[in-house]
Every structure is written in C-alpha cells, then in structure tokens.
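Colleague: Chains as they are written, first to last, in the working numbering: chain A, 1 to 290; chain B, 291 to 1061; chain C, 1062 to 1215.
It is worth saying that the hints were derived from the structure and are not from the lab.
These numbers were taken from a predicted model, which means no experiment stands behind them.
Glycine included, every Cβ here is placed at the ideal spot set by N, Cα and C.
Among the hints, a few may not be true.
To be verified - In the SDA-like style, the derived pairs of lysine to any residue whose C-alpha atoms are separated by at most 20 angstroms in a straight line are:
1. A:210 / A:234
2. B:834 / B:857
3. B:935 / C:1182
4. B:335 / A:5
5. A:236 / A:287
6. B:984 / A:263
7. B:597 / B:461
8. A:157 / A:220
9. B:732 / A:280
10. B:325 / C:1068
11. A:268 / A:220
12. A:268 / B:1058
13. B:335 / C:1077
Unchecked claim - Away from chain A, derived, C-beta distances all over 12 angstroms, residues of chain B:
14. 358
15. 364
16. 379
17. 440
18. 447
19. 760
20. 803
21. 857
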Amino acid sequence: MKPLTGFSLLRPPTLVGALEMMSTLEHAQPIVGGTDIIPTFKDLGSKPVHLIDLGLIEELNGIMEEDGKILIGPTTTHTQILTSKVIEKTAPALHDAARWIGSVQIRNRGTIGGNLCNASPAADSAPPLLVHGAEAHICSLEEGHWIPLLELFKGPKMTVLKPNEILIGLRFPTIAGASSSFQRIGRRKGFTLSVVNAAVYVERKDDALKEARIALGSVAPTPIRAPVVEDKIRGKKMSEELIDEAAEACVEVAKPIDDVRGTAEYRKDMTAVLVKRALREAWRRTGGEL
Amino acid sequence: MEYDRILSDLLNRDEYLVVGKKTVRLDALDKLLGKARFTSDYIPKNTMTVKVVRSTMPHALIKRVDTSTALMVPGVVTILTAKDVPGENEIGYALPEQPFLNDKKVHYVGDPIALVCAIDETTAQEAMEAVVVEYEPLPAVFDIDAALAEGAPIIHKENNVAVKTKIRKGDIAKGWKDSDVVVEDTYWSPYQEHMCLEPEAAYAVPDGVGKVTIIACMQSPHLVREKVARVLGWKLNQVRVIQALTGGAFGKKDDTGPLISGYAALAAIKTGKPAAYIMDRSEVLSVTPKRFPVRFKYRSGADGKGKLTAVEVEITLEVGAYANRAPFWLWRQTAHACGPYEVPNVAVDGRAVYTNKVYGGSYRGFGNLALHFAAEQQVDKLAYELDMDPVDFRMKNILRIGSRTTCDQLLDNSVGIDKCLAGVAAASDWAKHREPVRIGTKIRGWGVGCAYHGNSTSRSTPDWSAASLMIHGDGSLTYRTAICEIGQGSPFGHAKIVAEIIGCNLDSIKIEQPDTDSTPDSKPTHGSRGLMMGGTAAADAAIKLRERIIRVASNMLDCPEAHVELRDSQAYNRKKPSVKIPFAEIVEEMHIRGENPASYGFYTSPRRFFDVDTGLGYNYAVYTFAASVAEVEVDTETGQVEVTKIWPAMDVGKVIDPLMVDGQIHGAISQGIGFAIMENLQLKDGVVTTTGFKDYIIPSALDTPEIDDTIVVEEPYKHAAFGAKGVGEPSIISIVPAVVNAIHHATGLRFSTIPITPDRMHKALKEAGKK
Amino acid sequence: MVNFELNGAHVSFEAPATMTLLDMLRVELGVTSVKKGCEQGECGACTVLIDGYPMTSCIILAPQVEGRHVCTIDGLAENPLMKELREAFMENGAVQCGFCTPGILLSAYALLRDNKRPSEEEVKTAIEGNICRCTGYVAIIESILDAAERIAPD
Ligand SMILES: Cc1cc2nc3c(=O)[nH]c(=O)nc-3n(C[C@H](O)[C@H](O)[C@H](O)COP(=O)(O)OP(=O)(O)OC[C@H]3O[C@@H](n4cnc5c(N)ncnc54)[C@H](O)[C@@H]3O)c2cc1C
Ligand code: FES
Ligand code: FES
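Bound-form chain A, shown alone (with noise of 0.2 angstroms):
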C-alpha cells in the first residue's frame, strides 16, 4: 500500500465554480465519495490531480420524479437509493442493486455517480439504470448534453468523459405495467464485489412481454446490454421455456475472463442462472404469472 501524496482537494460549492476548475485546471478529477478513488490511490500510488469534490454542490444531490422521468443527481449515495419510496417502486432493479453494494459505511458514503464514472465493469448500478433505459446527462462549461448510459462506458476504468466534463444527472422514464429485478453472485452473503451481476426489465401485457432488456455486468470489460436475446423474446408470450431459452442465449453474449473472484466458465454459466432469476422475478413484479 502507498501513502497518498502530491494531490489536493478542491470543494467548489456550485456547479459553474466545478465546472470552470474543471475546464482550467490540467489534470482535474472529480472527487464525491472518494470509495473508489482513494483506495485505489492507496494500491496504485496517488495521481498528482486536483480533486475537485462535487459534494458540496446541493443541485447534484437528491431523486426527483418529473414528468414520466426519474431524475438523480450523481452525488445520490446508494443509501439515499435504497432509501427512496419513488425508487423502490419505479425501479426495483435499482433499489436492490443499491442494497447489494458495500457495507452501510459504504453504501453511506459511495454514490451513484461515482459508482458509474468508474466503469468498473462490476459496477452494480449499472445493469439496472442500463435496462431502465436511462441516459447520462454530461456537462462542460460551454455544454452539456444527453446521452443513452452504456455510451458512457468505453473499456474498464474508461468512460467518454473528457477532461472538463462531469456527470451532472442521470434520467430514466417511469412506465406503468412496468417492472425489473436484479441479481447477483457473490462469494460470501456479507458484502463484496460481484462476481457477476444481472438486470432484467419488462413490461407486461397480459401474458406476453411488450418489453424486455437485459443487462450484465462483469462478463465483459464494461457493463453491457443483450439486445439480440431482447429482441429475440420480445412480443412473446411468457413463459419458462422463453425464459430458458433466453437465459441461454445470454451465455453466448458474455465474453467474461478469470480472475481472483472466479473463472470465466463459471461466470458465462452464472449468466444465465441470474438472467432467468431475473426473467422470473421482474415478470411476477408486474403481476404475470409463470
């Protein structure tokens, strides 16, 4: 482990004070939580950056609900997540993922943002915002524009962001008869990292699935979305063998590697045990029956 060094701290109390050090200052990174940042400092040796905290920013803080959109700003810990009536009901993918991730300190202190703008591949929020549809809203100080939230991932630990930009919000449509579910494997009950992570969503119409997305974590360098399995069950009627049949193809979609926390076999395999779990649970959430 390594002492941190040769870095400082900026606390910029609005968004244009952020935005300006971002845009001025060489070598600028956002700081919120610090739970990724600094123990990866502490591992890999520090970078000599200005941290810039976007904690004191009150407007990038908080979930709101707004014209048939969900709205989060990006220093929305995952406590606030797991907290929130309008989450747990609108996006239950969400809600659970937020219960899975760290421990209670962690959880306190870790937000959303920074558990995206790391593009760990195993990030947890990912799979679901990704299957909510939700888009990424980025910002500079000459623009800000929206985009679909998997465009944000470029590699592991890489997202499009430039220099002078920042995730300022997150949005996903709220739409009724809709629901989702997460999964995840982990090697002990208490809290860990993902060995590999799944979100599934669906709109129902009586017993056939109007709508269906499918997101993975940890079984490729960024979190993805299975759009051939998608289309493939969307429009059907459901049931277990479309499950199953999905939950297979979602195999062929992963290209996971070995590492400490498992093999690749055994992530391609746990693929399709969480897609079908989550099949299963996001399907009975919206009232379907199996």
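Let chain A serve as the given structure and place chains B and C with the ligands on it in line with the hints.
Modeller: Okay, now just chains B and C with the ligands, sitting in the frame of chain A:
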C-alpha cells in the same frame, strides 16, 4: 501432583466462587470505551518510521544493494542492511536458515533486505523505492513436486526436504490383510491467512546505553526478547519487551512478533531514536507466515464389523521459503494422523519441503486442521463403504480411556470424545437427517466431524510455565503472566483461578501487561497451553500465597487453619462466620510476621517418554476433544454453499468461564467455515495476488450460521488447575471436516481440496451431471 | 484549515488534502479509539459517524469533513443507548481482542438509534461492514438484539 483433586480438597467448597461461572472479562470495559491501547496507540506523532525493503524475486542471489541514492532523499535518517546487524544475522525459529536481513540470497518475494528509517511514511516510501537491489536470478520452485523433482533448484539444502517424521505402529501388512474395505485419496489443504484485525506494529525506544524497550503485538515476550537479543548481540536483560494488547493473533503474531520487534529495535539502537514499524494490510497478506499448505496421501482400512484396521499416510508439508515452525507442525500432523480413533496398525511418513513462496507458520489448530480435513473424510468414506452410519462407525472406533493413540500413547484420563459425539448426534437429531433434503434449487445436507488436539509440546519435550502474584496493602493484587491477551482471554482465566484459590474479588486483581523486565517467563501463548500450563502456574502462585494468608488469618481469627474460609477478599472462621477480616488487615499482619506478600508460581508438566525413531510414546500431556455437526445448503444452480447451522461439542476438561469457551468456539466456527468455503489465498509466480479484505474474503456477520448451544463435556485433566484443557485451537479443527462431510451428504461429491468456492462447487456439480 | 465538530467540540486543524480523516483523528488529534485495520474501507475498524451516519474514516480525506459532525465512541461514553450496548456486550462476552469493538459499537448505535426493534437480519446487515475475526459475531449479534430489547419502551 494431581491438581484437579488437590484444588478441590484444598478449597473444600460445595460450589466454586467464580470458576465455571459466567463473568465479565476484566478488560472488556476498556475495550468498549475505546480506551484499550494497542501497539500503534502508544506511538507518538512524528516518531521515526521504519519500512522494510523486500525482495521482488522469488529466488535469487543478491549481487549488490545500493542505498546511496535512497540515502539522499531528504528526511531519510539511515538505511540498515545485513552488515549493520551487530549480533547474529539469524531469526529462524526451528532451523538456523533464516537471515534477519538478507545479503546473500533471497528465498521468496518478500524476503527482507534493508530497513529504511525516515521521518515519515511518504519519505520512507520514496527512499524504499530508491534502494537498488541487483539480483542474479535463480530458477524458482512454486510447488512441492517441483521442489522434490530430480535436479530441482536447491533452496537451502540438497533435495529441499527440511525435516522428516515417521511412525510405525503395529504391523501395517497385517492391517491390510485384516481389512475388508480400503479407501484411498489424496488431499490438499492450502494456505490460510489469519486476518487478525490489527496489522502488525512494533515501537522501540532506546533506553540509555545498552538497553532498548520494545512495545509490540506478539504472543511471547520472552521469545521476542531472545530473538532480538540474538540479533543485537546483547544479553537478555538488555532487551525489555512489553506486549501491548494484541488485536487478534491466532498464531500469526507468535511468528511476526520477533521479526517486527527486531526491525524496530535495530532501527532504534542504530539511530538512537524511537522507531516505529507498522505493517499495512497488503504487506501482512503478502509476506507474513500463513497456515502451512500440505498434501496428504491417505490409505485407510476397516474390517466388515466396522473396526479400523490400518492407516497409512504420506504427508508432504509445503513450508515455503523457511522452515520456521515446520518440524513442530509436521510432528503434530504425524502424531494425530489417525484422528481420534484407535487404529492398531499405522505407518506415517512425513516430510517438510521448501518452495520459493511465503512461508508457513503457527495458526490455530497447528497442523491438525488440515490433518482432520483429510482424516475425517477418510473415516466418513469408510462408513459409506461399509454402509454404516458415519456416527455409529466413528463411535465404534473412538478413543476412550484405555485406548492407544496414533503414536501408541495410552490414554488414562480426560477422554471425552465419545460424549461429545453422542452429544452432537442427539442435539442435531442426526438419525432423522440421514437423507438430504431438496428445497427449490438448494439441497440441504448434514455432516459430522470429530477432532483431538494434543495440549502443550509435542514429543514429550519438557514444558513449564511461570507466573507471579503480589498482594498489596489494601488487599488488591497484581498478577503477572507472560501468557498474552490476544483476544482469547487466557490471562483473565488465570485471574479467575487466582480469585477462586485466594478468595479475593475478581476485580481486585489487576493483570499487568507482560513486560520481560518484571513478568516471569511463562513460555509462549501457543500450543493450547495458555490456560492449561499458564493457569496452573497461576494456581501454584495462588496456592502459595493462600497458605500464608490462611496461616496469618487462622492466628488472627484464633481458629485452626482448616476452618479458615477466604472469600470476598475477606477471611473468616467457617464455624463462626460473623467475624470477618478484610484482606487489607491480613496483609498488614503478613508484613509484621514476615510472611512474603508476593509469590512466584512455577509448573512443569510431568515427565513423559517418546521415541523419535518409531514415533511412539507419551506424546502429549493431554488432548482436547471436539465434535461438530454441520448443516449446509448447496445451491445446485450457483454452487454457493451456505453453512446454516452448527452443533458444537467439546471436552474442555473443566470450564473456567462458559463465555470464554463459547467465544472461542464461535470464533473458530467462523474461521473454519471461512477456510472451508471462501478463504482463498492466491499466488501467481510466487506473488500473493489477494492482498486485502476485498480479494481475500473472510466471513462477515451475514455469513454467520445459527450455532446451537455448545455441548460442554468436562473430563478433567488431572495435572492442570481445576482440570482445564486448552480450547482456542481445538475448537476450529472439527468444523472443516463437518462442513465438507455435510457437503458430501448434500451433493454426493467429495472435495479433496478446500475452499469449496462457488465456482469449484459449480464445476464439480456440472461434471457430475448434478446441476 | 478544516473546521468541524468532533464529539461535540469544535476543532480547527490544518490538514493537507492527502491526510485521511482516520490519520487526522488518530495521529494528529489523538483519538485512538478509531482503529486502522485495512485502510481500504473493507474492515470497518475505522468507522466513525458523520452527521450520524457510519462511514469508514480511512478512505475519507480530512478536509472533506469541513462543517460536519464527526462522532467516535469517545463522544458517546455517557449516551444511554451506548451504555446499554456496552452492558450487553459485556454480559454476552462479545468482546475478545477488542480491535473491531469501537467500530461495531458505532454501527450498532446508528442502527438502534433509527430502528428500535431490528430483526436479526437487520442487525447482521448493519454490521456486515465491520469484520470481526475473533468472536464469530454470534455474541455481538445477540448483544445488539439484547440492547434493543432493553431500550424498547415495552
Ligand atoms: C469496501 C468497498 C466495497 C464496495 N463494494 C461495492 C459493490 O459491492 N458494488 C459496487 O458496484 N461498488 C462497490 N464499491 C465501489 C464504490 O463504493 C462505488 O463504486 C461507489 O459508488 C463510488 O462512488 P464514490 O462517490 O465514492 O466515487 P469516487 O471514488 O469519489 O469516484 C469514483 C470515480 O468516479 C469519478 N466521478 C465521481 N463522480 C463523478 C461525476 N459526477 N462526474 C464525473 N466523474 C465522476 C471520479 O473521478 C472517480 O474516477 C465498493 C467500494 C469499497 C471501498
Ligand atoms: S481501516 Fe478503514 S475500513 Fe479498515
Ligand atoms: S474481537 Fe477481535 S476482531 Fe472482533
């Protein structure tokens, strides 16, 4: 002296005052208030920091160590290498092959080479990175087979075998002839990391000329003193070692205590400044000793009636870079090879093999955890082969009074394993759980494990312990033992023994932190001897003091000595209990009458006999016995195993405190479950890759099973105070086999290696077509 | 200069950006009840309450507590709920080496403050971030449930 009887006769009480009762530990409040001090809590701000430059090569000759650039980093005080070691550059435990600082050859990634002393951590880190070590790489070996292969690189000596052991009992050929069923398998038990919550820390202060004071976490201040004095080339009385409260040890700090103390002490005396060496978690995981990995090749036989006939075992212990405790570890495995069963014909061959990896060391269960993981599966397999119930089969062969152990030791007292096994079988409704139960994607199964563990030294090596006790003018007492408080509470157990014998209030005793300048040498806090040996030395000190108190009190009360009762820190005449004399008054009178208010307790184990050539004889003073039943649920889809319930039992000789017994058992269950299903130290090319809690996962609160009330069996050991035996170590040994046997019961799968992680389980289920 | 409240008292301290809250507390301010077990947020030994929420101080930068309330067990010595917890821990034998104890007490305190009658599962979840290698958690979980029972109005 048969202590258990002596004490009950002496005290003549219908019911003990504190022994056997739940009491609040004397150290609990300080710890709960955050006022208990661990080593790093003593270190003042701005103390000089010591960091260790370690080898980055698994096996190499050191060509050159260049510290010149590093010394120029502003804030560096000095950098010490082997040539700065004033005494012997040697820190090995069993064999003299482990340099304190390496200058010729390195044997694993992590071998110490130089000590950087600097004003703070950042500076020390910078300087450490600037030290240039030039190596000539040598071929390295990372597993036992490679180390044993013809022409393998030589790590310390030809053929890389550090030590060998052997037992020949009965006639093994006849054993096989008598066998109707024979089962054979090879087992591998890997490294386990202790994961003490407190990382190693040592603080050393130079004390004038020719003296140094060390405060550190450890398990034996006198061992630390001996090792540090040797490195410094000093006399024992020039080194003062104080054990600070230690945040978990489990054997680890018995090995690291001397090392870290040595680093801090050398830095302190060379610079004349106080020095602090604190490890971080990744250093602890990467370079400090672990549970030794080991391979067992087992062949076991039984006859048609269910009697064990023969056991043959080949043990290959992987010691890593240095032998350290390997000879003792290997002897324990050799001597316990049959498990807690009577087997007439036994052949065991053991060898300890060097590799270029982090070395093994003491860890709770000392060899016996791995041994029982294998031995108890063998027994289970035989039972299945014979179509007998695993509990019934064990019961037929279990050690009893009059039985002979693996090494032919006749057991003539304190054998309660049959009661333990019967107890857990009854409590768990064993007979009703003979069929695994499917619940959705999960299958529930039940398994049993038995264990025994010799207390104190192996092979009849003499063992002794000492303690001291002083009663002060106000009747309060100071108790000194070098048995360390490392979480297990042994010194508190001693205090209870003292309180019982002296009749003083428990809270009138202060237990001093061990300090080699004043604390007698109790020998180390290991080998399940902390309470059994240390507590008996405490009893000896207490009995001596008691005699003097009684003598004076009988005079003051004007009654025969036999009528004097001591309790609540007062003396009174049993026949006339209304008149009570407080201890304070007695102590005053003791001084006047020339009765010594201080006493020194000393206890030596009875002499025994052991023949190293055959491996037979009176090996251990006594054994602690344990049995557990485990209930597990295996998710056949994901391979995840959950241990849902444990029924534990232990023959502890005598319970000194039920809370302490439960505490040890519960902690051991957690560590045992961790080892069985999740803890997985991984290495790549000899480098540990799981260097923190994130990757080396251990059980959390959510991984805690339901634990049934401990079934406590009390078969007193006749040579220890109140008959108490060690509980901390034996408690872990039966858990791992119980869990793996339960997994077998649920899935029909046998695992010859642990941990049974979800991916391994899943793979096994898949291969067996059971998914 | 960081200004914050530590156990009810105002503190101003010149902390560099590279100093963790844990080091500021332990080394600079002498609050040694907060323990260093891993420095990675993984063990919970360094748990403090920030504005009442348990967090691991080893991965928080000292200047980040500007204007916040930091509480360690030293600040709760006289707190009635903490007293009940201590009592229960003592009676159940929930303290062994004691290195995890301060952190666990803070997590338990935060739980019981907000949830007077937690289930066993809720207790386990509340302390899952506090690793204990000695006790196997059983006595700790029982103690927290016992303390809850004692403080509950009925
Ligand atoms: C013990 C422990 C357990 C954990 N367990 C889990 C787990 O189970 N599952 C899981 O998914 N994660 C886990 N994590 C990882 C981590 O806690 C989460 O990813 C957390 O959400 C990160 O948030 P943060 O605010 O702390 O991020 P920070 O560390 O502050 O930042 C993380 C990264 O995101 C960037 N960033 C942050 N906010 C923005 C923004 N608004 N715009 C642009 N860039 C930004 C930072 O520059 C940095 O690169 C764990 C971490 C720890 C220490
Ligand atoms: S020291 Fe902070 S969590 Fe371990
Ligand atoms: S009591 Fe030692 S770690 Fe919990």
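Colleague: Now tell me, hint by hint, if it's right for this structure.
Modeller: Status of each hint after checking the structure:
no.: 1; hint: A:210 / A:234; in the structure: holds, 6 angstroms
no.: 2; hint: B:834 / B:857; in the structure: holds, 16 angstroms
no.: 3; hint: B:935 / C:1182; in the structure: holds, 15 angstroms
no.: 4; hint: B:335 / A:5; in the structure: holds, 18 angstroms
no.: 5; hint: A:236 / A:287; in the structure: holds, 17 angstroms
no.: 6; hint: B:984 / A:263; in the structure: holds, 17 angstroms
no.: 7; hint: B:597 / B:461; in the structure: holds, 16 angstroms
no.: 8; hint: A:157 / A:220; in the structure: holds, 12 angstroms
no.: 9; hint: B:732 / A:280; in the structure: holds, 17 angstroms
no.: 10; hint: B:325 / C:1068; in the structure: holds, 16 angstroms
no.: 11; hint: A:268 / A:220; in the structure: holds, 11 angstroms
no.: 12; hint: A:268 / B:1058; in the structure: holds, 18 angstroms
no.: 13; hint: B:335 / C:1077; in the structure: holds, 16 angstroms
no.: 14; hint: 358; in the structure: holds, 23 angstroms
no.: 15; hint: 364; in the structure: holds, 14 angstroms
no.: 16; hint: 379; in the structure: holds, 28 angstroms
no.: 17; hint: 440; in the structure: holds, 32 angstroms
no.: 18; hint: 447; in the structure: holds, 34 angstroms
no.: 19; hint: 760; in the structure: holds, 44 angstroms
no.: 20; hint: 803; in the structure: holds, 29 angstroms
no.: 21; hint: 857; in the structure: holds, 46 angstroms
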